[in-house]
Amino acid sequence: MAADKPLYKWVGTRTIRPDGHDKVTGRAKFGSDFSLSGMIHGRVLRSPHAHAKIKSINTSAAEKLPGVRAVITSKDFADQPSELAAAGEAMVNYKDMVRNVMAREKALYDGHAVAAVAATTVEIAEAALELIKVDYEVLPHVIDVDDAMQPGSPILDDTMVPVGMDAKGPTNIAKRVEFTLGDAAKGFAAADVVIERSYKTAAVHQGYIEPHAVVSSVSEDGQAQIWCCTQGQFMVRTFTAKLCGMPVSSIRVTPSEIGGGFGGKTVVYLEPLATMLSKKAGKPVKMTMSREEVFRASGPTSAGSMTYKIGAKKDGTITAVEAEIKLLAGAFPGSPVQPACMCAVAPYDIKNVHLVGYDVVVNRPKVAAYRAPGAPISAFGAESIIDELAKELGMDPLELRLKNAAKTGTKAAYGPTFRNIGYVETVKGAMAHPHYKAPLGPNQGRGVASGFWFNIGGESSATVNINEDGTAVVISGNPDIGGSRASLAMMAAEELGIDYNKVRPIVADTASVGYNFLTGGSRVTFATGLAVVEAARDAVRQLCERAAKIWEVDAEGVIWDDGHAKPASTNVGEFEPLSLAQLAAQAAKTGGPICGHNAQNVQGAGPGFATHICDVEVDPETGHVTVLRYTAVQDVGRAIHPSYVEGQIQGGAAQGIGWALNEEYIYNAKGRLDNPGFLDYRIPVASDLPMIDAVMVEVPNDRHPYGVRGVGEVPIVPPMAAVANAIENATGVRMDALPMSPPKVLAALDAARMKQAAE
Amino acid sequence: MLRDELNLTGSKEGCASGDCGACSVTVDGRLVCSCLVLGAECEGKSIETIEGMADGEKLHPLQQTFLEEAALQCGICTPGVLVAAKSLLERNNNPTETEVRYWLAGNLCRCTGYDKIIRAVMKTAAEMRGGA
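So the sequences go chain by chain: X and S. Just so we're aligned: 1008 in the working numbering is position 732 of the first sequence, and the numbers increase by one with no gaps anywhere. Just so we're aligned: 1509 in the working numbering is position 93 of the second sequence, and the numbers increase by one with no gaps anywhere.
I should point out that these hints are in silico values taken from the structure, not numbers from a laboratory. Just so you know, nobody snuck in bad clues.
Below 30 Å or equal to it, Euclidean Cα-Cα: the simulated DSSO-like pairs (lysine-lysine) are:
#1 X/K559 / X/K518
#2 X/K451 / X/K329
#3 X/K667 / X/K1031
#4 X/K451 / X/K946
#5 X/K1031 / X/K1020
#6 X/K825 / X/K285
#7 S/K1539 / X/K285
#8 S/K1474 / X/K285
#9 X/K713 / S/K1539
#10 X/K476 / X/K667
#11 S/K1539 / X/K778
#12 X/K946 / X/K476
#13 X/K627 / X/K667
#14 X/K444 / X/K585
#15 X/K476 / X/K589
#16 S/K1461 / X/K305
#17 X/K683 / X/K667
#18 X/K556 / X/K518
#19 X/K329 / X/K444
#20 X/K462 / X/K589
#21 S/K1474 / X/K305
#22 X/K305 / S/K1539
#23 X/K778 / S/K1474
#24 S/K1461 / S/K1474
Being a predicted model, the structure only gives us computed values, none of them experimental.
Chain X with its partners taken away, still in its complex shape:
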């Protein structure tokens, strides 16, 4: 925790969030809460086939249905050349994006959009969908990543040329990536123990409770206004402009409150469709996905298949790691295999590392970012095999991690040399926690695992306007998902030296603030926070200049202290300090409005590390796993608002527990998703979980004025291995595939019992 004496007045306190009242009273407007007069309703026709050639689409009957105002298909969208654009931590290709929002030559997954209708009511729109005749030629499909890489597999795109490797003929492998540090063969030769294992993880959905929703209104002069729930209003503007062939300046996007995203709202699905329908119909068009559509057609994360090999000396020094990590991308290239490789063994100082990753297309929805994209998948393998290594060496698993821990100056296999990092502190924090030594009962076990996420910065803009009554408005451009407005306002209050409640933070539309990269990569409190701090300092500089003008002294002779302009020294003169409110009241006379501004491409994100401890009890009769106790230790840099930092840690851990124990996309033999609802796709409910003890370690990021590190993503990285390691300790059975649901755990227990009986 922070030092004994408070360094700051607001930073590090637990203020009431500025958007809180509206959210506890139901007043806050989320995506589907928005309506316009004269608005009509859009619905999407989706492919029932996992893989099919679209021979023709006949929309004439639908167009004739009374109440139908517009029907669109891929013909309404110009084809796009292959061109990459950033979306969160991943890159997207416009050629693929235009095909993902509306299938062109082929439908590539169950749920792929093939047409859309706008009508005066939802019911008419749905009736019209049934009148659209699509002539499909059903093709063989492939769902599993390993199957998709086999020779003879159905091929999704026979024109695809893989990046980073040579291919003989058509392939589903879109890309091969490789990271090399040292010489793995030499490292294995120097090892006393070498272990090799394979692991698999299932595709899981971000599971935000709010389905995607949009209202788009295109006027007669071609100007569009879009209201939607998104992690990035600027991203929606860019992508919609591109796909609809409109200038960026003609689209104004206002983000609603957002009901969860976790990476899943870093791309567009409905926005270009609603805009095109509105353009055709001449009316505002509202579209909302059903829960089933969210599961079938919005991005889950990748499923993964990987092989790890690890070598170590008897004293626990890890001498080499080799891994092959294959991630499915869904129907179009772009799995997070790169970050998966980057993060795989980043917590450790290993001299010889060789990682190869494959990005593989299959007949599933195109994946989208999900909290630390890729890292939880590779960490499940890495942190499981490290646990096996600890067993083999007879070492405490945290001692083994500590012995090999990355520190300041460690060169990571993915390139950088770490500056000030707090991984060691998280391991020591876990070792010192009473949880680590608490007694366990029968059928109970304890597991530990660590995790890493590099965090990002990016383009950020902010304005701090000083109002005439001494209050301030902070204007930023990142949708606030988990309390970032509070942290931005706190940092601004700290800089301005005024009460937090006098600072009103606003998330602006795309026409009202400079460009901001989307909310993702754990960047907002860090990067947009930095822009807010600099904008507040710009305002303070102007306030000091106004005081200098009033006192008739040089601006350099004025300092800002505790919300007041003061003479820097007695040499400047004897002046009564002027408060921000006093200066604001005189602004018109001293030079006009006082507006601080900052825009920059923020660098210097501080990496995040975490170490988790998990206790489970395994029911030997049913295979059901209960998480009894959970502790998550994380280096948070500095917690601006500790409650919401804890919340990120607790929420990330809970999502990881769901990924570990229950969540998976289940496809039937026809390649259709069998569980597109919260009943059968089971995310953790309150009665599934214990309290989650979030322990914050603070190793400030030296490249941020308040030491901020991104905190939102790393907590989802360790849980899957922590749970698997705990199950192994409870039962002696190693689970190497997710989810570790009751039938799978029971099957593994039965197999072990059979084997034991046979011996």
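Dock chain S against chain X, hints included.
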């Protein structure tokens, strides 16, 4: 009906199948998922939604404690959780952690991991008992 006809958008639609609890309301004091109830079924009945939970500008103790304890992140599940929690405390003013967890098992929250929600409900219960 609530959202589209009466424009009471405080109750949220997360699934329309009764699985997520974001649309929780009470009908004559009984906690239900409003997505599974037809308007016609409520003829002559009293419906309480999140919009009626605060007394004018004075928040219900649960609402106040949720703010103080940071028991919400994105806030989409919050109206449903608050309606369900209020319904629990009306029946049981001293619930155990397990009772709170099982009562709220029908209200999905993807952001918080439930920790701060459970703590806020139990703290409110203690405060309401103390203040009664």
